[in-house]
Structures are given as structure tokens and as C-alpha cells.
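Quick mapping for you: the protein sequence lines, in order, are chains U and G. Numbered according to this note's numbering, the first sequence spans residues 164 to 606. Numbered according to this note's numbering, the second sequence spans residues 164 to 606.
Because the hints were derived from the structure by calculation, they are not lab data. Quick caveat, the model's predicted, so the values are computed rather than measured. Treat the hints with care, since some could be wrong.
Copies of the same chain look alike in the list, so a pair counts if it works inside one copy or between any two.
As the list claims (entries may be wrong) - With a straight-line cut-off of 27 angstroms between C-alpha atoms, the simulated BS3-like cross-links for lysine-lysine are: (1) K304 - K344; (2) K225 - K264; (3) K307 - K428; (4) K428 - K338; (5) K307 - K338; (6) K304 - K385; (7) K428 - K304; (8) K429 - K264.
Okay, here's what each chain looks like letter by letter:
2 protein chains.
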Amino acid sequence: MNSETLEEDERITAEDLRDAWPLLDQEERVVDFGLLDRGEAEDFLLSISGLDLAGLVMALPKEQRRSWVRLLPPDDAADLLQAVPAEDKDALFQLLDDPMKREVTALLAYAEDRAGGLMNPRYARLRPELTVDEAINYLRKQAKERLETIYYVYVIDEQQRLLGVVSFRELFAAKADAKVKDVMHPEVITVGEQDDQEKVSRVFADHDLYAVPVVDAEGRIKGIVTVDDIVDVVEEEATEDIQKLGGMQALEAPYLHVAFFEMLKKRGGWLAVLFLGEMITASAMAQFEDDIAKAVVLALFVPLIISSGGNSGSQATTLVIRAMALGEVRMTDWWRVVRREIFVGLALGLLLGCIGFLRVYVWHWISPIYGEHYLLIGLTVMLSLIGVVITGTVTGSLLPFVLRRFGLDPASASAPFVATIVDVTGLLLYFSVASVVLAGTLL
Amino acid sequence: MNSETLEEDERITAEDLRDAWPLLDQEERVVDFGLLDRGEAEDFLLSISGLDLAGLVMALPKEQRRSWVRLLPPDDAADLLQAVPAEDKDALFQLLDDPMKREVTALLAYAEDRAGGLMNPRYARLRPELTVDEAINYLRKQAKERLETIYYVYVIDEQQRLLGVVSFRELFAAKADAKVKDVMHPEVITVGEQDDQEKVSRVFADHDLYAVPVVDAEGRIKGIVTVDDIVDVVEEEATEDIQKLGGMQALEAPYLHVAFFEMLKKRGGWLAVLFLGEMITASAMAQFEDDIAKAVVLALFVPLIISSGGNSGSQATTLVIRAMALGEVRMTDWWRVVRREIFVGLALGLLLGCIGFLRVYVWHWISPIYGEHYLLIGLTVMLSLIGVVITGTVTGSLLPFVLRRFGLDPASASAPFVATIVDVTGLLLYFSVASVVLAGTLL
Numbered sequence: 164m165n166s167e168t169l170e171e172d173e174r175i176t177a178e179d180l181r182d183a184w185p186l187l188d189q190e191e192r193v194v195d196f197g198l199l200d201r202g203e204a205e206d207f208l209l210s211i212s213g214l215d216l217a218g219l220v221m222a223l224p225k226e227q228r229r230s231w232v233r234l235l236p237p238d239d240a241a242d243l244l245q246a247v248p249a250e251d252k253d254a255l256f257q258l259l260d261d262p263m264k265r266e267v268t269a270l271l272a273y274a275e276d277r278a279g280g281l282m283n284p285r286y287a288r289l290r291p292e293l294t295v296d297e298a299i300n301y302l303r304k305q306a307k308e309r310l311e312t313i314y315y316v317y318v319i320d321e322q323q324r325l326l327g328v329v330s331f332r333e334l335f336a337a338k339a340d341a342k343v344k345d346v347m348h349p350e351v352i353t354v355g356e357q358d359d360q361e362k363v364s365r366v367f368a369d370h371d372l373y374a375v376p377v378v379d380a381e382g383r384i385k386g387i388v389t390v391d392d393i394v395d396v397v398e399e400e401a402t403e404d405i406q407k408l409g410g411m412q413a414l415e416a417p418y419l420h421v422a423f424f425e426m427l428k429k430r431g432g433w434l435a436v437l438f439l440g441e442m443i444t445a446s447a448m449a450q451f452e453d454d455i456a457k458a459v460v461l462a463l464f465v466p467l468i469i470s471s472g473g474n475s476g477s478q479a480t481t482l483v484i485r486a487m488a489l490g491e492v493r494m495t496d497w498w499r500v501v502r503r504e505i506f507v508g509l510a511l512g513l514l515l516g517c518i519g520f521l522r523v524y525v526w527h528w529i530s531p532i533y534g535e536h537y538l539l540i541g542l543t544v545m546l547s548l549i550g551v552v553i554t555g556t557v558t559g560s561l562l563p564f565v566l567r568r569f570g571l572d573p574a575s576a577s578a579p580f581v582a583t584i585v586d587v588t589g590l591l592l593y594f595s596v597a598s599v600v601l602a603g604t605l606l
Numbered sequence: 164m165n166s167e168t169l170e171e172d173e174r175i176t177a178e179d180l181r182d183a184w185p186l187l188d189q190e191e192r193v194v195d196f197g198l199l200d201r202g203e204a205e206d207f208l209l210s211i212s213g214l215d216l217a218g219l220v221m222a223l224p225k226e227q228r229r230s231w232v233r234l235l236p237p238d239d240a241a242d243l244l245q246a247v248p249a250e251d252k253d254a255l256f257q258l259l260d261d262p263m264k265r266e267v268t269a270l271l272a273y274a275e276d277r278a279g280g281l282m283n284p285r286y287a288r289l290r291p292e293l294t295v296d297e298a299i300n301y302l303r304k305q306a307k308e309r310l311e312t313i314y315y316v317y318v319i320d321e322q323q324r325l326l327g328v329v330s331f332r333e334l335f336a337a338k339a340d341a342k343v344k345d346v347m348h349p350e351v352i353t354v355g356e357q358d359d360q361e362k363v364s365r366v367f368a369d370h371d372l373y374a375v376p377v378v379d380a381e382g383r384i385k386g387i388v389t390v391d392d393i394v395d396v397v398e399e400e401a402t403e404d405i406q407k408l409g410g411m412q413a414l415e416a417p418y419l420h421v422a423f424f425e426m427l428k429k430r431g432g433w434l435a436v437l438f439l440g441e442m443i444t445a446s447a448m449a450q451f452e453d454d455i456a457k458a459v460v461l462a463l464f465v466p467l468i469i470s471s472g473g474n475s476g477s478q479a480t481t482l483v484i485r486a487m488a489l490g491e492v493r494m495t496d497w498w499r500v501v502r503r504e505i506f507v508g509l510a511l512g513l514l515l516g517c518i519g520f521l522r523v524y525v526w527h528w529i530s531p532i533y534g535e536h537y538l539l540i541g542l543t544v545m546l547s548l549i550g551v552v553i554t555g556t557v558t559g560s561l562l563p564f565v566l567r568r569f570g571l572d573p574a575s576a577s578a579p580f581v582a583t584i585v586d587v588t589g590l591l592l593y594f595s596v597a598s599v600v601l602a603g604t605l606l
């Protein structure tokens, strides 16, 4: 495994550049981009987005920028303007032509992660009274323009209100003198202009659609979102959730491109918060210092017991957070989920408890380090494991609901966060069980 | 929050049923499906897949099955046959008509998660010598058939070898007497029939495509994969990775639909393995039993120290696994990543170490439970934290590379797995540091 090979002689086609892209630094990117011929360079530029696009455009010589920027469809141009540093925004905006300026200004009113921020305002439209033949001819003219797609055509009235949708294919297969309004589907699945991109991607995933129109509160169509953009959204949302579940802030850029101090900030914040929470364990254990002094053997099982709670909590919170993100579990299901996790926790706790008891029992015959009361110690470990695993599954499954109830992101109920809560309660539980079971013998 | 409300009076349209679907049991699903009118029922059936579809079809009365099954395109029919119990496969297969039987048999030769298993064998095709006008007329006839799409048309020779691709829109905008071969794009992005679905989805994400042709080793086109199926694949792959990262086997079905014992199997296996690994901590600590007996105060910081290693390891492994899945980090980057994580670990370890030292120092003035050697204890905690956090980031970042090197799934390097490794090494480190720093005072 060698990090610096294979990168030198590859950069020739757009395809090669796309492959190598995540591994190149800014300077190498600009140099390699310059090696592409114009057609390939255009394809390439249209296939990247956001920060990648902004970095490349701003690194190109000023006199070349206009021709590149005018290539972009309005949604990509708006994304570009949102991604460049504030001081460059205006100069870049001035490079656009006038109709584009209007479209981009309208798009910039939306946050990037809303339906309005994902949509393209250039969609194919028809009036309901046209005949199929007229419609096809009209679309033939539109096919030459820079529309996002002509394959889904939206039928609108004079106030831009959406009346229906018809696929180009249906028009094509219909009788030439039929009216558009008789061929169209009047029931259209739409999204609101302020809908979150996560909601938009759920609509695509549930309905297997290619395009969805974005409408305002009055039912007027503002643009369309197409499925090719949604693949990126789904990946982005999953990446965010995965990183939050790992116990940090989402990075929002590829791992190797995040600057060192940015990385520290994203990770150090949560790590410090978890550390402060975990400090309670030291205080909790201090309460039982005398018990530990009397029975040092108790200390030996502390990592085993608290980690079992953390692991079972990690499973539960991961499952619930993902099920929520996919719409498989809703707020009203909270009791169904938690009740289930109580029983799962009981079963898993019994499993680990029995293994734990056996471990102490068998170990005693190998090396009697647990002393004459080994059976009571085994019992303490077993009962604690059952309690701790149930605590883990219940905390892990309940916390995402609680966070969401208070308007917070359920994905913040990360595995490490749940583990920290369970560590503290687990210790209290373990030493309480010990003080009951071992009373009169070791304690 | 109430679990049983809002479900009674909703089920009227296909849209309502789609919404309620994940929350219904098998019986409710069949009853509600029967309430839809035929058109809506057809739409609904075509929008579900895999286990959902299999469950519904097998629950319908036998005499109705033929008409529903014949609605399905060949890729969905093949998925259905893969999802039903073995004893029902043949009876269901016999319900298909003859051309469909041939197509489905060909598809069943592929694993479900390969490009061949995702594709639809019905794509629009043209010969290169046709004129644009002839091509459009030919497609007009094909538009009425059950093709996956007519919007991307593949140009093939007599041996079915792929020569190029042309979008319907380009044909539509071209001159009527031009030849197809002069309008088409000869460079086509393709996937191999045995390519993994994760690779296929990366092709879509990187190139913003609507459809990709699937070719065999000789360059013959076997079918096309469309982007609407890829949204589901991307979600499915992310769900699998998230669940593995949470320390369990992927469930492969919605949370609320996994049977209780199935759930125990998926979670109990990993939990038991992690438990067995974590048992080493008890043995490791037993080596230091005398030290703990002499300085019980050492035991108090055990959870704090090992959990910090686990948390920093969780961050690192999560980041690396996701970056690998997105193609942002490759095998050859291993040293770049690990080197970076050493420095990140050092910085984060210093942060936590300083907080830890301060904690001991400040606490001493509140309540002197750490005794006269509190400064040495603070130093032990600080040095151990630095070492443990670096161990965490290095283990977490290296393990996915190691697993992949041996052909295993990097996502198995779950947060709990990394934490278990770091717990053991962290304990050894902590007590070793203590035996040096506290030699001659407490130990």
C-alpha cells in the first residue's frame, strides 16, 4: 500500500479527472482541468457542484470565468454563488446574462437544503387546451432550449397553477387530435417550495419518480426537482447522519479536504462534551470507593459491564435513528419501539449475563482470583449485565424520540452520547446490585 | 405521544396506503389493498418492491395473482421471485407469459445486488444507419410498449454490441435526414453485468445520469439500470453501513417488521462477540489488582479514560468508513489518513488531557478525595488520555483499511468494535503510566 503512486500519468480525459478529483489538491485540479479539450471540460464542469465547482471557477483566470459560468443551468449557478466567498459573489453574479440574473436571484431566496434550493426553474410547460399534435410541435421547439427535461411536461393555467402532468411518451403515444387536458394526469405528486431536502428525497424514494414539481402555497409551480440531484441528496443526508452517529458534527466536505483545525473543531466539541459527561462516572465511582477498597475484585468488571450497556445502546439508537430517517418509525410509534426494546434488552441481557456468570464460574477453576465468594460475584455480574443492557436499549431507543420531541436532530443521539449516559447509570446499578448481593460477605 | 391513533380512518387512496404501509401488519395491508380501485391498486403495486411486494402477492387470493403478476416489468417480477418462499417460486413463475418467462429466467441468473440484478432488459434500441426521421417514427411505435424508457436510446450493431447512445431530445432537435450514427454519442458510460450495486450507484452519483446500460464482457448490451432504482439502492447501502457501524448485522427489513427472534439474532451475535472481547479487560485489570488495592483512586478514572479512547475511535472509524464508501478515500491513501489521525489524536488527546488534569486539580480544592498526591494522579490521567485518544484515532482509522485488505467489509469496523480494542489497550496503557508516574508514592 503506497499513497503516492498511480496519480501521475492518468490525467487525460474528463473521466480520468473525475476519478482522480477527490485525491487532488486545488492547484492540481486547475492544472488538470486546463488539459481537457473544450467539450470534455464543459461536460466535466456540468458534472461537479457546490464547493468543488466554486473552488475550480474561482481558481480559473478571470477572463475565462464568464464563458464557464454561462454554461451553468440556473440551479447550479445559484449553488455556485452560495458556495463562493462573500467578496466574490457580486463580481460572479455580474457575469450572468439578464434573464439568468432574475432566475438566480429568485433561487437564492431559498436555503440550499430546501426544495426551492434544489429546483430548476426551467421546466417544460403546456396549456390544457392544446391538441397533442400542437403540444408535440411546441415541445420540439423547446427541446433545443436549456430545459432541465422535456420528458415530463407540466400543464398550467394562466396563473401558473399546476393542473396536471403528462409524460412526453404519453403524448407521443396519444391520438394527434386529443386535447392535452384529456391525456394529462390531474393528480400530481408535488413538494412545497420550503420542504426540507430530506422530505423531498423521501418522496422520490417512495414513488420511484424522475421529476417532482415544486409549488408554492397557492399551488403555482415554481420549478422542478429531478431525480439525478436526489441521488446526491440521499448520499449527503446519509453521510451527515453517519457522522453524527459517530459522535461528531457533520464535516460537510470530503474527509481529505477538511482542514486540520476545521476537523478538530467538528470533533473536539462533541468529544469534550462527552468527556465532561463521562466525568460523572468518576464522581459516581467515588461514592463506592470504600466498597472497591473492600472488594477490589469489583473494579475488574467495571469496563465489561459499562461497555455492554454502551454497545446495546449503540445498536438501539442506530436502528431507531435510521428508521426515523427512512420514515419507517414515527413519533407516535415511540411506545411500540420502547416496549419492544425492553424485551430485546431483557433477552440480550440474559444472554450476556449467562456468558458473564459462566466466565466467572469457569475462571474460578482455572485460577481462583475471585476468592471464595466467586458465585456471588458471578451473580452480581449477571444481574448487573441484565439491568445495564436493558438500560442501554431503552435509553438508546428513547433518546432519539426525546430529541425530536424538543425539535432537535434525533441523529445527535449518537452511539457515544448514549454510551455516556449508560456508563453513569450502569455504574450506579452495578455497585447497588453488588451492595445487596455481597452484603455480609465481601461488603 | 400516543401509538394507536390516526390509523383507522386514513386508508382510501394509493397515496394514503403508501403512507401508512410501513406501520401496517400483513393482514391490514391486504385488507387495505382490496379497498383501492383497480387503477390505484395497479399504481400501488408497481411502486412497491422486494419483500413488501412478495408479502402482498402471496397474501392475495390465488385466482387473482396472475393478473397482478403480469403487470410487473421483468426486473420487478424477477425480484418478486427471489423474495417469495422457495415452495411458491415455481407456481408463481408459471403465471408469467412465455416471453416474460425467458426474460425473468435470464435476470434470475444474476444476484440481486449486481448490476444484472438491477437492470431492466427492455430498453429502446436503434440501428446506426437509420435517419433521425425513421428513428423517431420507430420510437413512436415503441412508446406504446412496456419499455423502461424511450428517452435514452441505445444504438447497437447486429451482435447487440453497444455503439452509442442518443437522447430522444437530441433526436427530436436534430435534422430529419441526419443519420442516427452522426447524432449519437459514441462514448457511453456503462457498467458490467456483475458490478456490485454500490459501484453502480457511484457511477450515477458521479455523473448525474438517468440511465446506464449494462454490458457483458464482449460489450453486448444486456439491459439498462435507471436512476429511480438507484435512489433505493443508495438508501439501502447507507442503511446497511449505518447498522453495521452501530455494531450489529444489517437488518435488511424495516425495524418494526423484523421478527423478535430475527432481531435478537442480528444483534445478539455481535453483542456476544464484543462481550467476549471485552472480557479481556477483566483479565487485563486483574494484572493490576495489587496496584488498585494500593491506590483505589486509580479505579475511579477507568471509565473516563477508556470511554475517551472509544469515543475518539468511533469518530475516526465512522469518518474513514464513510469516506471509503463514497470513494473519497482509497486503499492507497491509508498512510495519509493514519498520519493525519495521529496528529488529530494528539491534539484531541491534549484537549481532553488538559480538561482531565484541571478536573483533578480543581476537585482537590473542593473535596480532597484524591489525597496528597493529587498532582501526580492528575498527571497520570492526563498522559493516559493523550495516549488513549491517539490509540483510538489510529485504531479507528486503520481498522477499516485492514479489514478491506483482507477482503472483509470495512463497515464491520463498527464503533463498538473499535471501542472494545481500545478499552483493552487503554487499560494497559493507563496502569502502565500509573506504575511509572506513581512509583515510590502511591504504588
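Tested hints:
For the identical chains of this complex, K304 and K344 are neighbours both inside a copy (20 angstroms) and across copies (22 angstroms), given an alpha-carbon limit of 27 angstroms. For the identical chains of this complex, K225 and K264 are intra-copy neighbours only, at 19 angstroms inside a copy versus 60 angstroms across copies, given an alpha-carbon limit of 27 angstroms. In this assembly of identical chains, K307 and K428 lie within 27 angstroms of each other by CA distance neither inside one copy nor across copies; the values are 48 angstroms within and 57 angstroms between. Taking CA atoms no more than 27 angstroms apart as the test, K428 paired with K338 passes in neither setting, with 63 angstroms inside one copy and 58 angstroms between copies.
When the C-alpha separation of K307 and K338 is checked against a cutoff of 27 angstroms, the pair qualifies both within a copy, at 24 angstroms, and between copies, at 12 angstroms. Taking identical chains as interchangeable, the C-alpha atoms of K304 and K385 lie at most 27 angstroms apart only when both belong to the same chain, with a minimum of 22 angstroms there against 34 angstroms between chains. Within a single copy, K428 and K304 get their C-alpha atoms no closer than 53 angstroms, and across copies no closer than 60 angstroms, so neither meets the 27 angstroms cut-off. In this assembly of identical chains, the alpha carbons of K429 and K264 never lie at most 27 angstroms apart, being 35 angstroms within a copy and 54 angstroms across copies at closest.
Hint compliance for this structure: hints 3, 4, 7, 8 are broken, all remaining hints hold.
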